[in-house]
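So the sequence shown is residues 323 to 444, counted in the working numbering.
Since the hints were derived computationally from the structure, they do not count as laboratory data. Please note: incorrect hints may appear among the correct ones.
Each pair of labels, with its calculated beta carbon distance range [unchecked claim]:
| no. | residue 1 | residue 2 | range |
| --- | --- | --- | --- |
| 1 | Asn438 | Gln356 | 34 to 44 angstroms |
| 2 | Met323 | Leu409 | 35 to 45 angstroms |
| 3 | Ser327 | Leu410 | 37 to 47 angstroms |
| 4 | Asn417 | Ser437 | 23 to 33 angstroms |
| 5 | Ile419 | Arg388 | 31 to 41 angstroms |
| 6 | Leu326 | Gly358 | 30 to 40 angstroms |
Pairs of lysine to aspartate or glutamate residues, derived as EDC-like cross-links and limited to a Cα-Cα distance of at most 16 angstroms, are as follows [claimed, not checked]:
| no. | residue 1 | residue 2 |
| --- | --- | --- |
| 7 | Lys423 | Asp401 |
| 8 | Lys349 | Glu411 |
| 9 | Lys434 | Glu391 |
| 10 | Lys386 | Glu376 |
| 11 | Lys423 | Glu405 |
| 12 | Lys430 | Asp401 |
| 13 | Lys430 | Glu391 |
| 14 | Lys335 | Glu420 |
| 15 | Lys342 | Glu420 |
| 16 | Lys423 | Glu343 |
| 17 | Lys350 | Glu411 |
| 18 | Lys329 | Glu376 |
| 19 | Lys387 | Glu376 |
| 20 | Lys335 | Glu426 |
| 21 | Lys335 | Glu376 |
| 22 | Lys350 | Glu416 |
| 23 | Lys353 | Glu411 |
Since the model is a prediction, treat every value here as computed from it, not as a measurement. Just so it is clear, CB atoms sit at the ideal spot from N, CA and C, and this is done for glycine as well.
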Amino acid sequence: MLNLSHKNLALYKISLLLVKEVYSLTKKFPKEEQYGLVSQLRRAAVSVCSNLAEGSARISAKEKKRFYEIARASLVEIDTQVEISILLEYLSPENIIEFAKYEESVFKILSKFISNLGFSTH
323 MLNLSHKNLA
333 LYKISLLLVK
343 EVYSLTKKFP
353 KEEQYGLVSQ
363 LRRAAVSVCS
373 NLAEGSARIS
383 AKEKKRFYEI
393 ARASLVEIDT
403 QVEISILLEY
413 LSPENIIEFA
423 KYEESVFKIL
433 SKFISNLGFS
443 TH
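The task is simple: from the sequences and hints, build the whole structure.
The structure is reproduced here in structure tokens:
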């Protein structure tokens, strides 16, 4: 594996933990959700890490902004899908405590990171 600077960021490390937690939580979903919520949640979680990495590799501020905003949008997508999963009783508020910590940390750090680069955080 390449020794790249984004791998040293707390933001990236926490986003990897978020991916691990999403995979762990979705293992318990019904089989009929394998190509539905399970797939969507996992792809969105991987998208957060991937877009952080790709944004870090970009030179221009405009390109960095685009990838960081995609990462943040993927995080919001995950949040919505977890809310739906709770509504459908695949998850409960009690079994997403660790996930929620990672999600909130990534969102706050990423928003601050974008803000420090001079971009709006909505």
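Does the structure keep lysine 350 and glutamate 416 at a Cα separation of 16 angstroms or less? holds, 14 angstroms
Does the alpha-carbon distance linking lysine 430 and glutamate 391 stay inside the 16 angstroms limit? holds, 13 angstroms
Holds or violated: lysine 349 with glutamate 411, Cα cutoff 16 angstroms? holds, 14 angstroms
Does the Cβ-Cβ separation between asparagine 417 and serine 437 fall within 23 to 33 angstroms? Taking Cβ atoms as reference, asparagine 417 and serine 437 lie about 32 angstroms apart, which means the hint holds.
Can you confirm whether the C-alpha distance between lysine 329 and glutamate 376 stays at or below 16 angstroms? Holds, at roughly 11 angstroms.
Do the alpha carbons of lysine 430 and aspartate 401 lie within 16 angstroms of each other, as the hint requires? With a Cα-Cα distance of about 14 angstroms, the restraint between lysine 430 and aspartate 401 holds, given a limit of 16 angstroms.
Does the structure keep lysine 423 and glutamate 405 at a Cα separation of 16 angstroms or less? holds, 15 angstroms
Quick check: does the Cβ-Cβ distance between serine 327 and leucine 410 fall within 37 to 47 angstroms? The hinted range 37 to 47 angstroms holds for serine 327 and leucine 410, with Cβ atoms some 40 angstroms apart.
Check the hint pairing lysine 335 with glutamate 376 against an upper bound of 16 angstroms on the C-alpha distance. Status holds; Cα separation ~15 angstroms.
Hint consistency between lysine 387 and glutamate 376 [alpha-carbon to alpha-carbon, up to 16 angstroms]: Status holds; Cα separation ~11 angstroms.
Given hint aspartate 401 paired with lysine 423 - CA-CA distance at most 16 angstroms: Distance ~12 angstroms between lysine 423 and aspartate 401 Cα, so the pair holds.
Against the 16 angstroms threshold, does the CA-CA distance of lysine 335 and glutamate 420 hold or violate the hint? Holds. Lysine 335 to glutamate 420 sits at ~15 angstroms (cutoff 16 angstroms).
Hint compliance for this structure: every hint is met.
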